[in-house]
Amino acid sequence: MIDRKSTALAGMDPPLPGPRTSLIPAIAGSSLDLINKFFEWFGDLGIFSWRVVGAAVTPPFEFRELYRQLDEIGSMSLPLVALAGAATGVVLSLEARYSLTRFGAKSLLPAAIVFSVIHETGPIITGLVVSGRVGAGIGAELASMKVTEQIDAIEASAVSPYRLLAAPRILACILMLPLLTLAGDACGLLMGWVTQALTEPLSFHQFINQGFNGADFNDFLPPTLKTAVFGLIIGLIACFQGMRTRGGAAGVGRAATSSVVLSSLFVILADVVLVKLILIFFP
Amino acid sequence: MHTIDQVPMQTAMEPGEAAKDGSVPAIAVEDVHKSFGSQKVLNRISLTVSRGETLAVLGRSGTGKSVLLRLIIGLEKADSGSVRIHGQDIAGFGLDRLGEIRMKMGFLFQNAALYDSLTVEQNVAFPLRHHRKTMSKSERGDRVMQLLAEVSMEGHREKMPSDISGGMQKRVGLARALALEPDILLLDEPTAGLDPISSGEIDDLVLKLQAEHHMASIVVTHDLHSAKTIADRLALLNEGDVVIEGSFEELQRSDIEFVREFLGHS
Chain A
1 MIDRKSTALA
11 GMDPPLPGPR
21 TSLIPAIAGS
31 SLDLINKFFE
41 WFGDLGIFSW
51 RVVGAAVTPP
61 FEFRELYRQL
71 DEIGSMSLPL
81 VALAGAATGV
91 VLSLEARYSL
101 TRFGAKSLLP
111 AAIVFSVIHE
121 TGPIITGLVV
131 SGRVGAGIGA
141 ELASMKVTEQ
151 IDAIEASAVS
161 PYRLLAAPRI
171 LACILMLPLL
181 TLAGDACGLL
191 MGWVTQALTE
201 PLSFHQFINQ
211 GFNGADFNDF
221 LPPTLKTAVF
231 GLIIGLIACF
241 QGMRTRGGAA
251 GVGRAATSSV
261 VLSSLFVILA
271 DVVLVKLILI
281 FFP
Chain B
1001 MHTIDQVPMQ
1011 TAMEPGEAAK
1021 DGSVPAIAVE
1031 DVHKSFGSQK
1041 VLNRISLTVS
1051 RGETLAVLGR
1061 SGTGKSVLLR
1071 LIIGLEKADS
1081 GSVRIHGQDI
1091 AGFGLDRLGE
1101 IRMKMGFLFQ
1111 NAALYDSLTV
1121 EQNVAFPLRH
1131 HRKTMSKSER
1141 GDRVMQLLAE
1151 VSMEGHREKM
1161 PSDISGGMQK
1171 RVGLARALAL
1181 EPDILLLDEP
1191 TAGLDPISSG
1201 EIDDLVLKLQ
1211 AEHHMASIVV
1221 THDLHSAKTI
1231 ADRLALLNEG
1241 DVVIEGSFEE
1251 LQRSDIEFVR
1261 EFLGHS
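So the protein lines, in turn, are chains A and B.
Under this note's numbering, the first residue of the first sequence carries the number 1, and numbering increases by one thereafter.
Under this note's numbering, the first residue of the second sequence carries the number 1001, and numbering increases by one thereafter.
Calculated directly from the structure, the hints in this document are not laboratory data.
Quantities reported herein were computed from a predicted structural model and do not represent experimental measurements.
All clues stand as given, with none of them false.
Derived DEER-like restraints, expressed as beta-carbon distance ranges:
#1 Arg1060/B with Ala87/A: 57 to 65 Å
#2 Glu120/A with Gly1094/B: 40 to 48 Å
#3 Val53/A with Gly1155/B: 42 to 50 Å
#4 Glu1257/B with Ser30/A: 39 to 47 Å
#5 Met1160/B with Val194/A: 38 to 46 Å
#6 His1222/B with Glu40/A: 32 to 40 Å
#7 Glu1250/B with Arg64/A: 47 to 55 Å
#8 Glu1239/B with Arg244/A: 27 to 35 Å
#9 Arg244/A with His1131/B: 24 to 32 Å
#10 Val53/A with Glu1257/B: 53 to 61 Å
#11 Ile1256/B with Tyr67/A: 56 to 64 Å
#12 Phe63/A with Met1145/B: 21 to 29 Å
#13 Ser30/A with Lys1040/B: 25 to 33 Å
Cβ coordinates follow ideal geometry from the N, Cα and C atoms, glycine included.
Input sequences plus hints: build the corresponding full structure.
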């Protein structure tokens, strides 16, 4: 902001405020522009998705690239997901112990940890960790290929970049997210037990028995499988943002950032919807 | 537009009737317009190139030369007008039909656009791996070695694109463009950013490949010397339109101010 007083003291004429009437059309114009861009983004995403589906369901299938992406997205994300899951288990155990002891329900501690981890914290933490690591990776890689014309070169070689680049990455995300969630859940439960056992002796067998007492597949399967939707969102948005990049190194940076921000945002929004749907269909 | 060679009008052909015998130009661009937003890039441009002929497209930066190549290979769509490859208008083609057309074309990008995660050998093998499925691994290896030998890069096949010079990258890009034995070759600034010796080597290579493969070629360049060396005809673009088209001598004889100015500064 320009300081009118200081500029006047410095012997300069203070800048005059612009006409107030021009402010409203300017705001209206930029709002309209923003709305247009919003709908344009969704329209482009729809066209992109349609092309990816078309490429994914018709031969030839890029199994080699899919295998490479399964390794890149699955194996390479495992340590990070395991660490995040373990940390979540520790925090849950500490917090739940404090709260449940306060309300005289300490015996429910294993169940509270197990249900929290498998129902919500495990899937959402895995989704967010993968959207950070994989979303940024895919977004930056494809954006870099786009600005250096490598994607154009693939098209010019009569190979569909939707088939070669996007479909294997999205499919790998869909397949690996539930598996990574299982790993994250396992680490969370293990560290939840360790934290619990350090304060009060409790065997792992007892912890699991008490934790899963009353739990059935509906408690376990739908929340784990919902992460396949997170995988779809992460893969789709990261590929889309990467492959539509323009503008050199700055564009690559923007694509990586927007991939992470948008995929994290949509993962959280999808979680809200999916939790409600799971509660309706798997009461 | 001042043209020395009049562009012949093409009759519409059904896709299956595409002729390659020389009666139909390999490339025919007719009355093409292309804009990006409010910026008009190409303005009713028309050009033809026959089999065995090389056309150099010259012009100042930002006059739409590279856009013209991207339109021909279908990476961009024209706002109006037609782009015909062997008589087939590619405007309404879906990705599959466009893919068939693209297999008949080789494209050398301005910065070679080699796949940076693949070795030199894998880059050249890329089109073969995707479109010559019946080729055995050893046959593919032999073909790659043959292509690399054509561009004198057989000693660098294990290297990554980042480990070779810009001139070498263009050679590898050229080898990749030739992998499917195209009958159309599109070169985007093949000598840009190269020293005079490397530029000369690329020019010699293009001439040698032209003599051997007898392709229809369009070379987009700023380099008048290179254009004069490798092209049969030259087309000079200004503000999205062809100002003049003809041999280098015909351009030299032109009294159009822009042509004289362009040749004078080159």
